[in-house]
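Could you put together the complete structure from these sequences and hints?
Heads up: the sequence lines are chains Z and H, in that order.
Quick note: the first sequence uses the UniProt record's numbering, first residue 1, plus one each step.
Quick note: the second sequence uses the UniProt record's numbering, first residue 1, plus one each step.
If you are wondering where the hints come from, they were derived from the structure by calculation, not from laboratory data.
Just so we're clear, the structure is a prediction, and the values are computed from it rather than from any experiment.
Warning: the hint list may mix true and false statements.
Cut-off 25 Å, straight-line C-alpha distance, at most; resulting in silico cross-link-like pairs (DMTMM-like, lysine to aspartate or glutamate) [stated by the list, open to error]:
#, chain 1, residue 1, chain 2, residue 2
1, Z, LYS383, H, ASP54
2, Z, LYS342, H, ASP49
3, Z, LYS458, Z, GLU150
4, Z, LYS72, Z, ASP97
5, Z, LYS342, H, ASP54
6, H, LYS181, H, ASP288
7, Z, LYS355, Z, ASP299
8, Z, LYS355, H, ASP54
9, Z, LYS383, H, ASP49
10, Z, LYS82, Z, ASP437
11, Z, LYS201, Z, ASP102
12, Z, LYS355, H, ASP49
Ranges of calculated distance between the beta carbons of each label pair, as one might list FRET restraints [said to hold, decoys possible]:
#, chain 1, residue 1, chain 2, residue 2, range
13, H, ALA52, Z, ASP388, 26 to 32 Å
14, Z, VAL135, H, LEU135, 58 to 64 Å
15, H, ARG202, Z, SER402, 45 to 51 Å
16, Z, SER402, H, LEU96, 21 to 27 Å
17, H, GLN182, Z, ASP357, 54 to 60 Å
18, H, LEU137, Z, SER402, 26 to 32 Å
With the C-beta cut set under 10 Å, the calculated list includes, among others, these residues of chain Z facing chain H [stated by the list, open to error]:
#, residue
19, GLY379
20, LYS383
21, SER402
Where a beta carbon is used, it is the ideal one built from N, C-alpha and C, also for glycine.
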Amino acid sequence: MASLRDLTKPLLAAAIAAGASLVPWAAAAQSRITIAINTLGPETWWPQDIANNKYLTGTIGDPLVRLVSPYKLEPALASSWKVSDDGLTYEFTIRNDVLFHDGSKLTAEDAAFTFAPENAQNYVGFSRMKNGNIVSVEAQGDRVIMKLKEAIPFMIDGYISRISIRPKAYLQRVGVEGFNKQPIGTGPFKVVEHVKSQHVKMVANDNYFGGRPKVDELIWRVVPEPATRLAMLRNGEADVTYNELGASTGELQRYGMRAVSFGLPRQSVLVFNHLLRKENLPSRFADVRVRRALTMAIDREAVANAIYFGKDRAAALLIMPRDTPSLDPKYRPLAYDPVRAKALLAEAGLSGGFKVDLYAPNNLKDLAVLMVSYWQRIGIDAKLSLLDPASLNNAWFNRTLSGDAIILSQILANGVASLVYLDPAAQVVTYYSPETDALRVAGTAIVDPARQDEWFLKVFAPKLDQLYPVPVILEGRDGVFGLGQRVKDWSKFELHAMGFQWLTPQ
Amino acid sequence: MAEVSFPHAQERRPGRGFAALRRLPLLSGAIIAAALLAALLAPWIAPYDPAAVDLLRRFAPPAWMDGGSSLHILGSDDLGRDVLSRLIWGARVSMLVAVACVVSDAILGTAIGIVAGYCGGRVDSVLMRLADILLALPYLLIALVVVSAVGASLSNVIVIIVVLRWAALSRIVRGETMMLKQREFVALAKVAGIGPVRIMWRHILPNVMNSVVVVSTLGVGAVILFESVLSFLGVGVPPPTPSWGGMVADGRNYLTSAWWVSLFPGLVITAVCLAANLCGDWLREAMDPKSNRR
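Next comes the structure, spelled out in structure tokens:
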């Protein structure tokens, strides 16, 4: 029978071997970032639903041109680009040193395929509308020539910069189903595992043209509950959490966690459903006095301070002049004045109040409940229905929503670019009003950016309250990340929204 | 034709009610009574309008804690609404849903159970297969799908719960009806020329009422819990109408910093459901002729 001394050596050796085998694992774990995210949206890679699925599509792919901070563009897959004087022709020169994840080389054909008019159905919402404006896309050598039906301001900022280029040959070879099982792109991370509604595992792309990411592994975990995400961040189970808007931002701050905001400013807007119906129904919301009363009844500064933790403010204008800081104090919002609001309703012949069927996304529940409560004080009886944001957006886009009014949170429309919101022919009509249609036509005819700004400030801005939607809260950012202790450097990450290749773990 | 009476159609023993009353679980009864009173008297006893927001008093702690005050005895929520007032008004929703669902279930389940049990044959097969299908459905999933399709409202919640719940009671009533129709008093009624509807109404129904009352009472807690779950998941009573489940959901993001927003409605749901179950249990024993505790 073996003595204890006989067993000591093999046991020690086994322990050392086990310890050694743990070392590479520990090293690998150190460069893993786990992201707890509220939703991964529809989780399809093709079509590209950039409205609801920008996180995933943007991480495995790159656009031609990247929007790095509000209104600032930098080259990505296109080394350069130019726009014709009439705004109808765009020309992009494609980089020749970029590889897809399967090792094939990026060509102008891939870019032309991604934006081809026949692929319009592969985009959702505004993107589809803008894609429908493309007449032709041709690959000529290393260049891509895109021709439009009509000039659209912010075509690059609002559209081209949001679409990841897809590999034409691979997609044609494996089909849509095959692509969704194993998607590839040019991006900094490659998908190795995707379990729907649960997690997506990605690994670093060693051949990424922008340099290998500092993170080896990226794990996306769907965690819908903000409280659970916060707990995961606090105990180190997650390194990044998203999207921590509103109350969640406050909770991050309360526990001393870092909250990083990014992206173009958003604005919550009250829009009226009758605008979308085909019949031209008379509506009380067509009366500017009613719209002003709805706005003045709400103490928006108090609301912004309370549920957005002082980061935001009452929205002054539905549309801001381009390049104007969104929180510029010279644009004053309508003041909180419930007495005047009541008087305005009386002037409009609604002194007895009225009923409103109000829809809101459930992530804006607190704002919606507050609005209902404030309106009650001036005699407006609102019945609130909450829907998940994707369902509400789809119902809104497809014009199937019933009810009178909807609260939406949208990227703040800036300058002449926002005229796209006013186009009645657009698939997504949000801000259209007959009173401003002539202005829209006049504005879109101006192509020169300097003249656009001049026209906007002199002609359009003074008439902004003729637009039917009511601006509510200027949120100042698109999304908020919570960062855990293991994330060391996030400065470039903050600048490039969702640019996980620039995250530096400790 | 003269009315034929059958003395054994309903079996009663003198003095039973008083003896049973003595064993009434007083605390449970008091909790149910308090919830019913809160529901009935909410406009008069609630300190504040349950929907009234006060952004300057957000997350006010309960009165006995540091920073608390008697203005908000149980504290305030993330929008500055008084938790106590919302609990009192929330009782309206829970009690209304409980009473409406239990009564409707009792009527529907009893009617279907008696008809199936008495008629037998194809009628019984069709009705009981329908009941089997309903019993096999995952209630919560079906409720989520239906509410998503038709929209969340108090009336929709009641209709969904009633439609999903009658089957269990109907099965019990059907079983009892099948036994009762073999009894002599039913046979005599048939001989006397009394029609089937009258037999079901006058001779079967009174004899299944004990089971109906017991099963329905035991269902009160389940209905309150089901409504709370739907409201917690955001498909129950829409805001800003206060409901206990909705209140728990409102506070779940602040569990570590403002626990009172979720805890008090959670405690109330637990207490009322437990009390309803204990009362149902007591009623079952009180009405059971074989019970040793009588």
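Against the structure, the hints:
Between the alpha carbons of Z:LYS383 and H:ASP54 the distance comes to roughly 20 Å, so the proposed pair stays at or under 25 Å and holds. Pair hint Z:LYS342 plus H:ASP49 holds up; C-alpha atoms about 21 Å apart against a cutoff of 25 Å. Restraint check for Z:LYS458 and Z:GLU150: satisfied, since their Cα atoms lie roughly 24 Å apart, inside the 25 Å limit. Taking the CA atoms of Z:LYS72 and Z:ASP97, the gap is near 24 Å; set against the 25 Å cutoff, the hint holds.
For the given pair, Z:LYS342 sits about 20 Å from H:ASP54 by alpha-carbon distance, which is consistent with the 25 Å threshold. Restraint check for H:LYS181 and H:ASP288: satisfied, since their Cα atoms lie roughly 20 Å apart, inside the 25 Å limit. For the given pair, Z:LYS355 sits about 20 Å from Z:ASP299 by alpha-carbon distance, which is consistent with the 25 Å threshold. At most 25 Å may separate the alpha-carbon atoms for a hinted pair to count; Z:LYS355 and H:ASP54 meet this at roughly 23 Å.
For the hint pairing Z:LYS383 with H:ASP49, the CA-to-CA distance comes to about 17 Å; that is within 25 Å, so the pair holds. The hinted pair formed by Z:LYS82 and Z:ASP437 fails the criterion: a straight-line CA distance of about 30 Å is larger than 25 Å. Of the pairs offered as hints, the one joining Z:LYS201 and Z:ASP102 holds, with about 17 Å between alpha carbons and a cut-off of 25 Å not exceeded. Among the hinted pairs, Z:LYS355 with H:ASP49 is consistent with the structure: their alpha-carbon atoms are about 19 Å apart, no more than 25 Å.
The hinted window of 26 to 32 Å between H:ALA52 and Z:ASP388 holds, with their beta carbons roughly 28 Å apart. At about 60 Å, the beta-carbon gap between Z:VAL135 and H:LEU135 stays in the expected band of 58 to 64 Å. For the pair H:ARG202 and Z:SER402, the beta carbons lie near 48 Å from each other, so the given range of 45 to 51 Å is met. Here the CB-CB span from Z:SER402 to H:LEU96 is close to 26 Å, well matched to the stated 21 to 27 Å.
Distance hint check for H:GLN182 and Z:ASP357: the Cβ-Cβ separation is about 56 Å, which falls inside the suggested range of 54 to 60 Å. A hinted range of 26 to 32 Å holds for the C-beta pair H:LEU137 and Z:SER402, which are about 28 Å apart. Interface restraint check: Z:GLY379 against chain H, minimum CB-CB distance 15 Å, threshold 10 Å, status violated. For Z:LYS383, the interface hint holds, the least distance from its beta-carbon to any beta-carbon of chain H being 8 Å, beneath 10 Å.
The interface hint given for Z:SER402 is met, as the beta carbon of that residue sits about 9 Å from the closest beta carbon of chain H, less than 10 Å.
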